[in-house]
Each structure stands twice: as C-alpha cells, then as structure tokens.
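Q: Chain residues, written in single-letter form:
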Amino acid sequence: MSASVSTRRSRASRLTYYRLCAIAGRLVIYLLLIAIALLVIMPLLWMLSTSFKPKPEWFTRELHWIPLTFTWENYQALLNNPNTPIVRWFLNSLLVATLSTIATLTVTSLAAYAYARMDFPGRKALYTLLLATLFMPGMMFLIPNFLTIYRLGLLNSYLGVIIPGLAGVFGVFFLRQFFESIPKELEESAEIDGASKFQIFYKIVLPLSKPALATLGILTFLGSWNDFLWPLLILRDRALLTLPPGLRTLQGAYTSEYGLMMAGAVIVAVPVIVIYIFLQRYIVQSVASTGLKN
Amino acid sequence: MTTTLTAGRKGRRRPNWWVPYLFILPHLAFFALFIGYPFFNGLWISFHKFDFLRPERTEFVGLQNYLALFTPGNIKFNEFWNAFGNTAEFVIYSVPPLVIIPLLLAVLLNTKTPGRNLFRAIYFAPWVLSVAVVGLLWWWIFQSQGGLINYYLWELGIRPPRWLSSMPWAWISIVIATIWWTLGFNMIIFLAALQDIPGYLYEAGAIDGATGWQLFWEITLPMLRPVMLFIVIITIIASFNLFGQPFFMTGGGPAQPGGGGATEPVMLRIYREGFERPFQGSAAAMSFVVATIMILISYVQFRIFRQRT
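In order, the protein sequences belong to chains A and B. Letter by letter, the first sequence follows residues 0 to 293 in numbering that gives the first Met the number 0. Letter by letter, the second sequence follows residues 0 to 308 in numbering that gives the first Met the number 0.
Hints should not be assumed to be uniformly reliable.
A few chain B residues that don't get close to chain A, going by computed Cβ distances all over 10 Å [claimed, not checked]:
1. K48
2. L68
3. G84
4. V94
5. G156
6. P159
7. Y201
8. I206
9. T210
10. F215
11. E217
12. G252
13. A254
14. P256
15. P277
Selected chain A positions facing chain B (in silico; Cβ < 10 Å) [as the list claims (entries may be wrong)]:
16. R25
17. I35
18. V39
19. T132
20. M135
21. M138
22. F140
23. T147
24. D226
25. M261
Listed next, the stretches of chain A that the computed footprint assigns to chain B, with coverage defined by at least 3 CB atoms under 8 Å from CB atoms of chain B [said to hold, decoys possible]:
26. 216–225
27. 269–275
Honestly, the hints are just simulated from the structure, not real lab data. Each residue gets a CB set at the ideal place from its N, CA and C atoms; glycine is no exception.
All chains, full assembly: derive it from the sequences and hints.
A: Okay, here's the thing in structure tokens:
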C-alpha cells in the first residue's frame, strides 16, 4: 500500500521534472535564437549608427551605439559633393533594375510558355542545351561578353548593363515549371473559341501566373540592384554609375571618412531592406522552392 | 472526300508552324549572343595575344596563354596559381561553416516555437544586400581605428590583431563577413527539406527509445542527403566566385614575401589581368582553366554522392 503511494508520488514528480526540463530546454533555445538574431542585426545597426555620428565620434575610446550628437551632416556632405553624385546613382540603379526586371519577365515568360506548352521541332534539343548551360561558371563569359558589349558600342551605357542578363536560363526554367502546373483545359477551351496562341498566353496564362511572375520579378530586381562586378566593368562615366560600383568610388574618394561611407551604404541598403520587409514571404519561399526543385 | 483532305494536309506544312519560334526567339537571340557565342569567342580570344583597345595588334599565339599558366617559374604561373591557391583556401575555410551553421540554425527553427518566422526572416535578411554594402560595412567593422570588433576585444583585455592586413586574420575577416552575408540562403533550403521529412519517422524512432541526438544522426541527416549534395555543390561554386569581399576589404592583400596578395582570389586576378592590364587573351585562358576545374569538381562530387545513395 505505502509502496504504491510512493511510486505514484515519484512518478508524478518525475513528470514535473520532465516538464521542467522541456521548459528549460525551450528557454535555452529561445535565448540562443535571440543571441544569434542580435549578432546578425548588430552590423546593420552599427552601419546606421555610424552614418548619423559626427566625425569626432567615429573614433572615440568608448563605444556608443547611439550617437551622442545625432547628425545628418554625413548625408548632407554626400549629397552636396558633385564628385559623388549619389542621387544620380540612385536614379540610375532604379532605372537599370526596373528595365532589367520588365525585359527579363517579357523575354523569359514568352520562351518559357513555348517550352511548356507548344510542340515544335527542336524543342527538346534546345531546352536541353539551355539547361546544360546552367552548370557553366559565369566567369567564362566575363571577358568575351565585355568585348561583345564594347563592339556593339554599348560600353558606358545602361543597355550594356542590362542586356546580357536577358540571356539567363534560370527564369525560363522557373516559369516553365509553373506554366506546366496550370490545368490545360482553360487554354484548350480558349483555343476552340478561336483565340490565338498569343491571346491565350497574354489573357489567360499570364494572369494565372502572377505569383510566379512576382517571385521572378523580385529576384531579378534584387539581383540587378545589387549587381557589382558587371556594372563596374561596363559603366565608365562617374555620372552613369549604379549604386554598388558607386560605393567603390566612395571608398576611394573618402579616405577614412567612415561616416560618409556608411551613409552611402545605408542609401544602397535601405530600398532592398524595405522591399524585404514587405515581400519577405515571397523571397524566402522562392529561395526554398528553387532549392528543392534542384 | 476525307482521304483527299488528309492527304492535302500531309502535303502542306501545319499552319502557323512558326508561332512557337516567335515565342522563343527573343530569349534565344540573347542566349546565342551572350552565352553561346562567348563560349567560342572566349576560346578564340584565349588563343591570341589580345587587347581590345588595340585590335590591330591581335596576334595568334596558339596555346601560349595556357602554357604560361602551366610553366613553373613563369610570372603568370606564379600569379595565377597563387590566386587559385587563395581561392581554394577560401573554399576550404568557408564551405564547412556555411553548411554546418545553416544546418544547425534550420534544426533550431524547425520546431513549432512561436516567433520562428521572425527569427527566420532576421537570419536571412543580410542575403538581400549587395556585396558592395557587405564589403564596405565589414571593412569598417574590422578597422583598427574605430572598428567595432576591436572595441569589444579591448574591453575584454585582448590585444586585437591587424585584421585586414595580417594573416591569417585577413581570411578570418573575409570568412566571417561571408558567413554573415550568405548563411540565410542555405538555412532556408535546409529548413524546407527538414519540413519535408515525414513526422512518423521521428515518432517511430522515439517509440524505439532513440535520443534526440540519435534521431538527428539516424533520421535527419540521411534524409537530408540529396539536399546536402545540392548545398555543398552550390556553396563550393559560390565560394569559387569570391570577388567582392576581398575587393572591398583587403584589396587582395596583404602582400606576400613571394609576391602576390595573400587574399587575392582567382576572380580578382582575372579582373586585374583583363581590365587593369591589357591582357585579355591571358585572362580568358585563366577563366577557362578555372571553369574547367570547377566543372570537374562538381562532377566528381555528384558522382561520389550518387554512389553513396
């Protein structure tokens, strides 16, 4: 009798012990997650903090995360210096990224639809050829493509920055998979009603593909906005630069003017971070899905 | 009547047979110009002494650009293999943490804890930044004067090294910046793969009395094998393309006694050979050698992983 009571009690205490362990474990995981989140965010906060500090505070002995005197003077100095026309760079970046996105979506969706739904001689061979180039390292094309742009007279032009990206195969591959998942019946009944292939594509398939087009559009815009090496090679005039090669110019123009450089970095980073905050789910999902498909 | 109709149809081509070609034409034209043609044009250039600003001086040199890269003692040999060795070093330093850390983060996040979407979003955030922002920011963080890292090291009573201008600290700085920038990408892919592992496997394991650690080794890791192959390959390729971080943070330095920069990756070497110096033929040869090695490495990895599964 007493033995059974004691086992029951010990079983109860063992249960609370396990529950306590589970709570403690969860607490440890939370603390770990928070600590890592802080480590990830800190560099960005430091960038922001430096950009609002006046020059004497860049090198102080003690660490101040919040500027002792908050100032816009780094941003003002940057905006007023004609040698680093950052407003112009911002507009250049916006133009290049927008045009790249529109052109890529147009060119790739047309091709992807043909590869997904139309039957024509050479289709399989061409598509296999496209896929095979996915595995080729991009550096092989750097020098010859630079020369092609040069011979076309497009060096130092936005077009020269934009058009090589339109050869990309990833978008075709990505959209084709989506188009194939759309039920065929809609297109077939439209065809019976006498719609042309282009009408079907434009009026039925594209509206149904908004999520896929949005995903590809976001990735293309981010890629173009952030691209560094290609615009660095193509754009020679200071006024024509996009923001990432512009940051390189800042690094060269202001020796140890860290506040100004961080102000420049903030100007480049803020638009993508704003896009990320609003479209975070799309971006994260698109990365996850591209990974799994491969 | 019917027979004549079908016979007639057979004789003619299908109407509108050209429509599909019209759809693929724009993409195919750009593809031919910027992926197809440069493949052959690049090979052609690599067999020449070539400077695009002086096309009249173009001279066929056969395999000379390649031979220079494989002749010990040749200055191009030293420059190229120093840079190639640097890139290989970076691959070795960066790939293990870029696979292990994201995997552990994905496992931590693969629970039903509230707020996990917020953490996922934060960890992934640096990936959306340009390499120019990342390079400039970490260059500032690792500065000896006013750098953030050194504040904390002095606080702890540790005498900080000269991060960006001494070895091995320059590599460590570049690897840390790279991990911060790209860990979210691999984490997201691991996380998606973890969510695809059926829950009953863990339930069965738990009934058999397996510990959490055993579940991880016996169920999670084997189930992740295909995704692991994908991540290892794309991470190696990405690390092979290292360019922007040393470009902003170290300029390829510090200089070595034997010549060449200690953190100058092969992409930066190609850039300097082809765009700061007038040797596009040699630069094209270098990029073909590196590309061939990269393709071979991915192929071998693919075979190894295939055999094991």
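Q: Compare the structure with each hint and give your call.
A: Each hint tested on the structure:
1. Taking the minimum C-beta to C-beta distance to chain A, about 14 Å, the non-interface status of K48 of chain B holds against the 10 Å cut.
2. No beta-carbon of chain A comes within 10 Å of the beta-carbon of L68 of chain B; the shortest separation is about 15 Å.
3. Every C-beta of chain A lies more than 10 Å from that of G84 of chain B, the closest at about 17 Å, which supports listing it as non-interface.
4. Even its closest Cβ contact with chain A, about 16 Å, leaves V94 of chain B beyond 10 Å, as expected for a residue assigned away from the interface.
5. Annotated as non-interface, G156 of chain B keeps its C-beta farther than 10 Å from every C-beta of chain A; the closest such distance is 15 Å.
6. No Cβ of chain A approaches the Cβ of P159 of chain B within 10 Å, the least distance being about 14 Å, so the stated non-interface status holds.
7. For Y201 of chain B, the condition that its CB be more than 10 Å from all CB atoms of chain A holds, with the nearest at approximately 16 Å.
8. In this structure I206 of chain B is separated from chain A by more than 10 Å, as the shortest Cβ-Cβ distance comes to about 17 Å.
9. A cut-off of 10 Å between C-beta atoms confirms that T210 of chain B is not in contact with chain A; the least separation is 13 Å.
10. With a minimum CB-CB distance of about 14 Å to chain A, F215 of chain B clears the 10 Å threshold, and the non-interface call stands.
11. With a cut of 10 Å on Cβ distances, E217 of chain B stays outside the contact zone with chain A, its closest approach being about 21 Å.
12. Chain A leaves G252 of chain B outside its interface by the beta-carbon criterion, the shortest separation being 15 Å against a cut-off of 10 Å.
13. The Cβ of A254 of chain B sits about 19 Å from the closest Cβ of chain A, beyond the 10 Å cut-off, so the non-interface label holds.
14. Against the 10 Å criterion, P256 of chain B stays outside the reach of chain A, whose nearest CB is about 27 Å from its own CB.
15. Non-interface status of P277 of chain B relative to chain A is upheld: no Cβ of that chain comes within 10 Å, the nearest being about 12 Å off.
16. For R25 of chain A, the interface hint holds, the least distance from its beta-carbon to any beta-carbon of chain B being 7 Å, beneath 10 Å.
17. A cut of 10 Å between beta carbons decides the hint on I35 of chain A: the least distance to chain B is about 7 Å, and the hint holds.
18. Nearest Cβ of chain B to the Cβ of V39 of chain A: about 6 Å, under the 10 Å cut. The hint holds.
19. Taking 10 Å as the C-beta contact cut-off toward chain B, the hint placing T132 of chain A at the interface holds, the least distance being around 5 Å.
20. With its C-beta approaching chain B no nearer than about 7 Å, M135 of chain A sits inside the 10 Å limit, and its interface hint holds.
21. The restraint placing M138 of chain A at the interface with chain B holds, with a minimum CB-CB distance near 5 Å, inside the 10 Å limit.
22. Given the 10 Å rule on beta carbons, the hint for F140 of chain A holds: about 5 Å separates it from the nearest Cβ of chain B.
23. Using the Cβ-Cβ criterion of 10 Å, the hint placing T147 of chain A at the interface with chain B is satisfied: the shortest such distance is roughly 7 Å.
24. Evaluation of the D226 of chain A hint against chain B yields a held restraint, the C-beta minimum of about 8 Å falling below 10 Å.
25. Nearest Cβ of chain B to the Cβ of M261 of chain A: about 6 Å, under the 10 Å cut. The hint holds.
26. Given a C-beta distance limit of less than 8 Å, the hint that chain B covers the region 216–225 of chain A holds, as 3 residues qualify and 3 suffice.
27. Coverage of the region 269–275 of chain A by chain B holds in this model, with 4 residues showing a Cβ closer than 8 Å to a Cβ of that chain against a need of three.
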